[in-house]
Amino acid sequence: MTGEQITLDSLPIGRKAKVKFLTSDGPIRRRMLDLGLVSDTVVEALQKSPSGDPTAYHIRGAVIALRSEEAKKIMVEVN
Amino acid sequence: MGLTSESTGIGVLENKLTIVKSTPVDKVIALAGNPNVGKSTVFNSLTGLNQHTGNWPGKTVTNAQGRYRHKDKNFIMVDIPGTYSLMANSIEEEVARDFVCFGQPDATVVVTDATCLERNLNLVLQTLEITNKVVVCVNLIDEAERKKIKIDYSKLSKHLGVPVIPTNARSNKGLDKLMDAVYDISTKDTASHPIKITYDGIIEEAIEMVKPKIEEIAGEKVNSRWAALKLLDSDDTLLESLNNFLGFNLLDDEELSGLVDMAKKHLVDNGIGEEQLRDRIVTKLVKIAEEICRNVITFENKQYDHIDRKIDKILTSRIFGIPVMLAMLGVIFWITITGANYPSQMLSNFFSWIEERLTDFFAWAGTPEWVHGLLVLGVFRTVAWVVSVMLPPMAIFFPLFTLLEDLGYLPRVAFNLDNFFKKACAHGKQSLTMCMGFGCNAAGVIGCRIIDSPRERLIAVITNNFVPCNGRFPTLIAIITMFFVGNFIGFSQSVFSTLFLTGVILLGIVMTLLVSKLLSKTILKGLPSSFALELPPYRKPQIGRIIVRSIFDRTLFVLGRAVSVAIPAGLVIWIMANIHVEGQSLLSLCAGFLDPFAKLIGLDGYILMAFILGFPANEIVVPIIIMSYMSTTSMMELENLNQLKQLLLDNGWTWVTALCVMLFSLMHWPCSTTCLTIRKETQSWKWTLISILVPTLSGIVICFIVANLARLLALV
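If you're matching them up, the sequences are chains A and B in order. Numbering-wise, the first sequence is residues 1 to 79 according to my numbering. Numbering-wise, the second sequence is residues 1 to 716 according to my numbering.
No lab work stands behind these hints: they were computed from the structure. Cβ atoms here follow ideal geometry from the backbone N, Cα and C, with glycine treated the same way. Any given hint could be a false lead.
Straight line, CA to CA, 27 Å or less: simulated BS3-like cross-link-like pairs of lysine-lysine [said to hold, decoys possible]:
#: 1; chain 1: B; residue 1: Lys-265; chain 2: A; residue 2: Lys-16
#: 2; chain 1: A; residue 1: Lys-18; chain 2: B; residue 2: Lys-310
#: 3; chain 1: B; residue 1: Lys-211; chain 2: B; residue 2: Lys-265
#: 4; chain 1: A; residue 1: Lys-72; chain 2: B; residue 2: Lys-287
#: 5; chain 1: B; residue 1: Lys-284; chain 2: A; residue 2: Lys-16
#: 6; chain 1: B; residue 1: Lys-148; chain 2: A; residue 2: Lys-16
#: 7; chain 1: B; residue 1: Lys-284; chain 2: A; residue 2: Lys-18
#: 8; chain 1: B; residue 1: Lys-287; chain 2: A; residue 2: Lys-18
Sample of chain A residues with no beta-carbon within 12 Å of chain B, all distances over it, derived [said to hold, decoys possible]:
#: 9; residue: Gly-3
#: 10; residue: Glu-4
#: 11; residue: Gln-5
#: 12; residue: Ser-10
#: 13; residue: Pro-12
#: 14; residue: Arg-15
#: 15; residue: Leu-66
#: 16; residue: Glu-77
#: 17; residue: Asn-79
Let's have the full structure, built from the sequences with the hints guiding it.
Laid out in structure tokens, this is it:
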């Protein structure tokens with residue numbers, strides 16, 4: 001799946017991907033940008049919570065948990 | 001839990017920021033930073049003020065102030081809420097931004113986390129856009145060293161154009177240098193030359209179209225370049241604050257508002273709409289931070305957070321995550337219950353010995369009977385109960401809970417439980433405010449500010465009372481010990497007590513979720529909002545600090561509050577029990593009036609009245625019940641729980657009564673401090689009333705069902 005564009009929530013655990021663009025708008029988009037999720041940012045899916053959602057991601061040196069609703073609005077390219 | 005002496009008691013009601021300078025030359029220093037970078041530790045180390053610290057984002061929710069002296073100057077340090085950004089996506093960010101922008105501090109210290117510098121630089125850069133009087137404090141350098149993260153501080157300082165001071169605030173490392181740098185920046189006029197952030201050509205052109213006019217209107221009062229950028233960005237909350245600060249509406253100036261429109265059109269003509277403008281601004285800052293970090297940081301160990309990830313794999317795993325969480329809660333309760341037993345007994349013996357001496361003294365002094373009754377049987381006994389029953393569990397529970405907090409475990413709890421809250425259409429951070437509620441519901445209510453969406457914040461506020469605060473814990477423990485685990489002895493007794501207490505807490509959590517869901521489907525309709533929770537690195541807890549902080553900040557303060565309420569309450573109860581109207585005491589008259597209703601929900605009139613009189617503080621509910629019963633039965637010594645149990649049994653208690661008292665304790669109106677805090681936080685009597693009604697009605701309904709089911713099934 002190299003080079004393929006998917007939404008962040010479908011990124012398998014342990015895989016890395018590069019942010020391409022955000023499909024959210026308004027406050028959610030601002031939040032995501034503040035987290036440093038601008039294009040070309042490398043994101044790694046670390047692990048899911050016990051019930052499968054949210055998922056913890058490695059973003060610019062920090063570990064951030066995002067719900068699948070948010071992660072769905074982030075397009076990434078798997079490398 | 002976020003309990004400080006400021007946020008536990010009535011102090012929470014006074015958070016309006018007024019800075020009192022002892023001399024006009026005092027320097028005001030703003031302390032900014034991302035959440036969870038040890039900002040509060042820096043603040044405490046400098047000012048000696050006991051701002052409670054904990055390892056989870058969103059601790060400081062209001063501006064705390066403290067003072068220190070360095071060289072020949074006094075400094076007033078204002079600890080503003082930790083934020084990732086000054087773009088004001090939440091109330092905390094607004095508070096932070098408004099202070100940095102309009103509080104006119106003489107210098108701003110931005111505290112950053114050495115282990116996560118790149119992310120932190122975003123806030124540094126945003127601050128530098130507003131002011132050049134900035135000192136960057138890179139904190140937690142010991143953690144960074146341990147993780148083999150090497151940072152070239154002088155290079156970083158060159159890049160940013162402002163002083164950069166590495167510190168490890170926990171061990172006071174680097175704080176002298178930090179104070180020196182703050183001294184220099186705030187007293188000398190030699191301006192630093194911070195990094196210039198230059199945006200895309202089109203944006204720069206648009207800024208230039210607006211900037212001169214702002215300079216003309218507002219003069220030196222605001223940074224015109226920054227204000228121009230914000231006008232283009234149409235940041236409404238900021239404009240409001242800006243206009244408040246200036247005392248007039250910038251955009252009332254027709255020429256300026258015309259220029260802003262023109263500049264916006266220029267942007268749109270070149271394909272930069274509002275959303276794109278924001279994107280480009282943020283992207284620019286993020287890229288600059290990335291670039292700087294590439295130049296100044298070397299990760300000698302690429303797997304620097306390997307251990308944290310390993311721990312997370314267990315603590316938040318599918319199989320172990322929730323069991324481990326419950327087990328930890330259970331262990332804390334078990335240690336609390338077992339450990340509190342003996343000190344409680346000793347205190348109780350000690351107080352009854354004092355009571356005897358006091359009685360002897362009053363007899364010797366020949367004071368009237370009522371003086372002895374009022375002071376010893378009324379006031380002293382109530383206070384003695386509150387101290388001997390409250391102090392030991394609090395002195396054990398608080399440090400243990402603080403330990404979990406300090407380790408960084410609480411955000412993992414939020415991570416584990418988020419899905420439940422999502423299903424209840426609520427916010428995952430509600431589990432953090434729930435944890436704060438364990439300490440004090442008023443603090444929990446204030447903590448709800450970490451939730452951005454107003455709807456979800458209200459849900460968290462209304463349901464916070466379903467978590468028993470420390471005022472209710474000892475009551476629950478005492479009743480469990482008396483009525484539910486009496487058949488067990490020794491170790492198994494404490495184990496069953498623990499299981500029972502954990503069950504009660506779980507019931508509180510289940511109620512929280514159910515009621516949240518119910519609210520989301522009725523008066524607070526809506527979908528879950530966005531959720532982004534940081535899981536900070538685990539940190540070695542500071543045991544010494546934890547003990548000192550939790551004993552002095554929390555335990556003694558909360559106890560002090562309870563005692564100060566217990567004294568007048570003891571007086572009132574004794575008077576009510578001893579003033580007779582038509583052969584009946586005032587107390588039994590009131591209780592008689594409440595009795596029919598109270599019986600319906602498994603209580604009795606005295607118990608219900610104790611809950612009502614316990615409105616100022618839940619701690620005094622049980623002492624009031626005891627005093628009421630004692631005033632109607634023959635006097636007796638109450639030296640241990642067995643005798644207390646006998647007193648309760650004599651007054652018609654059964655296990656159903658005990659269960660209903662526990663349930664009602666878990667679910668009834670919040671105490672007065674919490675109610676006032678809710679009023680203040682929601683700015684609405686309507687939501688305050690709802691916050692009172694929701695738990696109260698839940699309690700009444702559930703107690704009614706339990707009591708009548710037991711009656712129907714002839715269980716009693």
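Structure-based check of all given hints:
Taking the CA atoms of B/Lys-265 and A/Lys-16, the gap is near 39 Å; set against the 27 Å cutoff, the hint is violated. Between A/Lys-18 and B/Lys-310, the direct Cα distance comes to roughly 24 Å. Compliance with the 27 Å bound is thereby established for this hinted pair. About 16 Å separates the Cα atoms of B/Lys-211 and B/Lys-265, which keeps this hinted pair within 27 Å; it holds. Using a Cα cut-off of 27 Å, the hinted pair A/Lys-72 and B/Lys-287 holds, with the two alpha carbons roughly 24 Å apart.
Proposed proximity of B/Lys-284 and A/Lys-16 is supported: the alpha carbons are some 23 Å apart, at most 27 Å. Restraint check for B/Lys-148 and A/Lys-16: the C-alpha separation of about 23 Å stays at or below 27 Å, so the hint holds. For the hint pairing B/Lys-284 with A/Lys-18, the CA-to-CA distance comes to about 17 Å; that is within 27 Å, so the pair holds. Taking the CA atoms of B/Lys-287 and A/Lys-18, the gap is about 14 Å. The hint holds against a cut of 27 Å.
With a minimum CB-CB distance of about 22 Å to chain B, A/Gly-3 clears the 12 Å threshold, and the non-interface call stands. The claim that A/Glu-4 is not at the interface with chain B holds, since no C-beta of that chain comes within 12 Å of its own (minimum 24 Å). Under the 12 Å C-beta cut-off, the non-interface status given to A/Gln-5 relative to chain B holds; the minimum distance is some 18 Å. Residue placement check: A/Ser-10 keeps its beta carbon more than 12 Å from all beta carbons of chain B (closest about 18 Å).
At roughly 15 Å from the closest C-beta of chain B, the C-beta of A/Pro-12 stays outside 12 Å, upholding its exclusion from the interface. The claim that A/Arg-15 lies off the interface holds: its Cβ sits roughly 15 Å from the closest Cβ of chain B, which is beyond the 12 Å cut-off. Here A/Leu-66 does not stay apart from chain B, with its beta-carbon only about 6 Å from theirs, under the 12 Å limit. Its beta-carbon lying about 17 Å from the closest one in chain B, A/Glu-77 satisfies the requirement of being farther than 12 Å from that chain.
With a closest Cβ-Cβ approach of about 17 Å to chain B, A/Asn-79 is found to remain outside the 12 Å limit, as its non-interface label requires.
In the structure shown, a violation is registered for the earlier hints numbered 1 and 15, in ascending order.
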